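Respectively, the protein sequence lines represent chains H and L. As numbered in my numbering, residues 1 to 204 make up the first sequence, in order. As numbered in my numbering, residues 1 to 204 make up the second sequence, in order.
Be aware that a few hints might be false.
Stated by the list, open to error - No more than 27 Å apart at the CA atoms, straight line, and that leaves these computed lysine-lysine pairs for DSSO-like:
| hint | chain 1 | residue 1 | chain 2 | residue 2 |
| --- | --- | --- | --- | --- |
| 1 | H | K130 | L | K197 |
| 2 | L | K96 | H | K203 |
| 3 | H | K121 | H | K159 |
| 4 | L | K106 | H | K203 |
| 5 | H | K141 | H | K159 |
| 6 | L | K178 | L | K159 |
| 7 | H | K141 | L | K141 |
| 8 | L | K178 | H | K197 |
| 9 | H | K106 | H | K141 |
These are computed hints drawn from the structure, not numbers from a lab. On a predicted model such as this, the values are computed, not experimentally measured, just so you know.
Here are the chains, one letter per residue:
Number of protein chains: 2
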Amino acid sequence: MTTTLTYSEIMEMEQRQRAHLINSIGGFKSVALIGSTDTKGQTNLAIFSSIVHIGSNPPLLSFIMRPDSVERHTLANILDSRFYTINHINAHIYEKAHQTSARYPKLVSEFDATGLTPEYKNEFVAPFVKESQIQIAIEFKERIEISINQTIMIIGEIKAIYFPSDCLSLDGFMNIEKAGTISVSGLDSYHTTQVLKRLDYAKP
Amino acid sequence: MTTTLTYSEIMEMEQRQRAHLINSIGGFKSVALIGSTDTKGQTNLAIFSSIVHIGSNPPLLSFIMRPDSVERHTLANILDSRFYTINHINAHIYEKAHQTSARYPKLVSEFDATGLTPEYKNEFVAPFVKESQIQIAIEFKERIEISINQTIMIIGEIKAIYFPSDCLSLDGFMNIEKAGTISVSGLDSYHTTQVLKRLDYAKP
Numbered sequence: 001m002t003t004t005l006t007y008s009e010i011m012e013m014e015q016r017q018r019a020h021l022i023n024s025i026g027g028f029k030s031v032a033l034i035g036s037t038d039t040k041g042q043t044n045l046a047i048f049s050s051i052v053h054i055g056s057n058p059p060l061l062s063f064i065m066r067p068d069s070v071e072r073h074t075l076a077n078i079l080d081s082r083f084y085t086i087n088h089i090n091a092h093i094y095e096k097a098h099q100t101s102a103r104y105p106k107l108v109s110e111f112d113a114t115g116l117t118p119e120y121k122n123e124f125v126a127p128f129v130k131e132s133q134i135q136i137a138i139e140f141k142e143r144i145e146i147s148i149n150q151t152i153m154i155i156g157e158i159k160a161i162y163f164p165s166d167c168l169s170l171d172g173f174m175n176i177e178k179a180g181t182i183s184v185s186g187l188d189s190y191h192t193t194q195v196l197k198r199l200d201y202a203k204p
Numbered sequence: 001m002t003t004t005l006t007y008s009e010i011m012e013m014e015q016r017q018r019a020h021l022i023n024s025i026g027g028f029k030s031v032a033l034i035g036s037t038d039t040k041g042q043t044n045l046a047i048f049s050s051i052v053h054i055g056s057n058p059p060l061l062s063f064i065m066r067p068d069s070v071e072r073h074t075l076a077n078i079l080d081s082r083f084y085t086i087n088h089i090n091a092h093i094y095e096k097a098h099q100t101s102a103r104y105p106k107l108v109s110e111f112d113a114t115g116l117t118p119e120y121k122n123e124f125v126a127p128f129v130k131e132s133q134i135q136i137a138i139e140f141k142e143r144i145e146i147s148i149n150q151t152i153m154i155i156g157e158i159k160a161i162y163f164p165s166d167c168l169s170l171d172g173f174m175n176i177e178k179a180g181t182i183s184v185s186g187l188d189s190y191h192t193t194q195v196l197k198r199l200d201y202a203k204p
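Taking the hints into account, I'd like the entire structure generated from these sequences.
Below, the structure written as structure tokens:
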């Protein structure tokens with residue numbers, strides 16, 4: 001049996017209920033931890049489910065944030081230090097990763113609060129998550145204000161990728177399922193994956 | 001063992017190889033069919049893996065497109081008719097869904113080419129995909145040019161949602177795994193999911 005929800009029914013929902021619905025209705029999402037630091041070395045770690053591929057040449061990833069949320073420390077740090085990290089989440093750390101969404105004060109690092117381990121390498125200023133199996137170093141490139149609801153899109157360029165050696169295919173495909181990367185639905189539902197098939201490039 | 005890919009190594013990759021890498025490195029992605037029509041009734045159906053939640057009040061979803069790609073018919077239709085549909089993909093139709101990415105001429109509807117069935121309801125101008133278990137009616141709201149690489153972000157407002165009645169939770173969460181929705185990694189790897197857990201709202 002099929003149910004229909006109209007625009008007015010959606011708008012009449014209680015705010016938290018509508019947030020659950022609209023966050024889950026767009027499909028499964030990437031989920032990752034963004035690590036950042038201010039220029040004084042105060043670190044921040046926050047979970048995001050809006051990371052999207054913008055282009056491959058140059059290699060660009062974006063994510064969306066709301067400036068009035070817990071994400072504001074991440075935004076301030078990125079604008080301050082210009083670099084950040086994107087760290088994949090696996091089944092061993094998803095509960096700690098989720099906990100970074102709690103509203104900690106600026107002076108509390110979510111690394112300390114959750115027990116995830118900051119890792120520094122190759123003189124990159126922002127902290128990686130040691131427990132993440134795939135880690136990406138990013139340089140901030142562009143901030144786009146989305147006027148319709150005052151959200152912000154941040155675009156960054158990939159400077160380095162760290163990954164398990166056996167997960168990169170000859171054709172360039174990174175087997176993130178093999179690496180243990182998980183997905184999220186809505187605000188709080190975490191999922192492992194099971195591959196159906198890789199399909200060939202489609203021709204008419 | 002861990003491997004590192006630096007920016008210059010990524011830029012030196014063959015173009016298709018780099019596309020596979022960067023499309024897969026951001027994590028699992030939503031994947032859905034966008035149905036559209038021009039004002040003469042010529043329909044188009046295209047697969048997108050960049051659908052992202054922009055906000056819940058009002059309910060907004062975005063996606064990214066490249067104007068020089070097969071996606072250009074979708075863009076022209078949306079700007080022409082102002083309405084489109086987002087249709088979830090399940091394991092029964094993912095091969096047909098993938099086939100919509102082939103470069104068909106404008107006068108060929110991907111519905112005809114792939115055997116997916118257009119469905120019209122409630123006088124909404126754009127076609128839904130009958131075989132999709134979750135269907136969303138969208139009104140075009142905003143087009144944002146991403147200057148760094150000339151991609152385009154399209155933002156639309158949800159006007160209606162059609163879904164299996166037993167998939168909506170009391171708290172508003174839509175159980176898309178129960179509905180059979182799948183995810184994609186990279187350009188061509190399709191995955192079912194298996195829930196780990198829904199977690200509570202995080203507090204410090």
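Results for each hint:
Of the pairs offered as hints, the one joining K130(H) and K197(L) holds, with about 23 Å between alpha carbons and a cut-off of 27 Å not exceeded. Restraint check: the Cα-Cα separation between K96(L) and K203(H) comes to about 12 Å, which is no more than 27 Å; the hinted pair holds. For the suggested pair K121(H) and K159(H), the alpha carbons sit about 13 Å apart, so the restraint of at most 27 Å is met. Straight-line distance between C-alpha atoms of K106(L) and K203(H) comes to about 15 Å, which keeps the hinted pair within the 27 Å bound.
For the suggested pair K141(H) and K159(H), the alpha carbons sit about 12 Å apart, so the restraint of at most 27 Å is met. Restraint check: the Cα-Cα separation between K178(L) and K159(L) comes to about 23 Å, which is no more than 27 Å; the hinted pair holds. A threshold of 27 Å between alpha carbons decides the hint, and for K141(H) with K141(L) the separation of about 26 Å falls inside it, so the pair holds. Between K178(L) and K197(H) the alpha-carbon distance is near 20 Å, which keeps this suggested pair within the 27 Å criterion.
This hinted pair checks out: K106(H) and K141(H) have alpha carbons roughly 24 Å apart, not beyond 27 Å.
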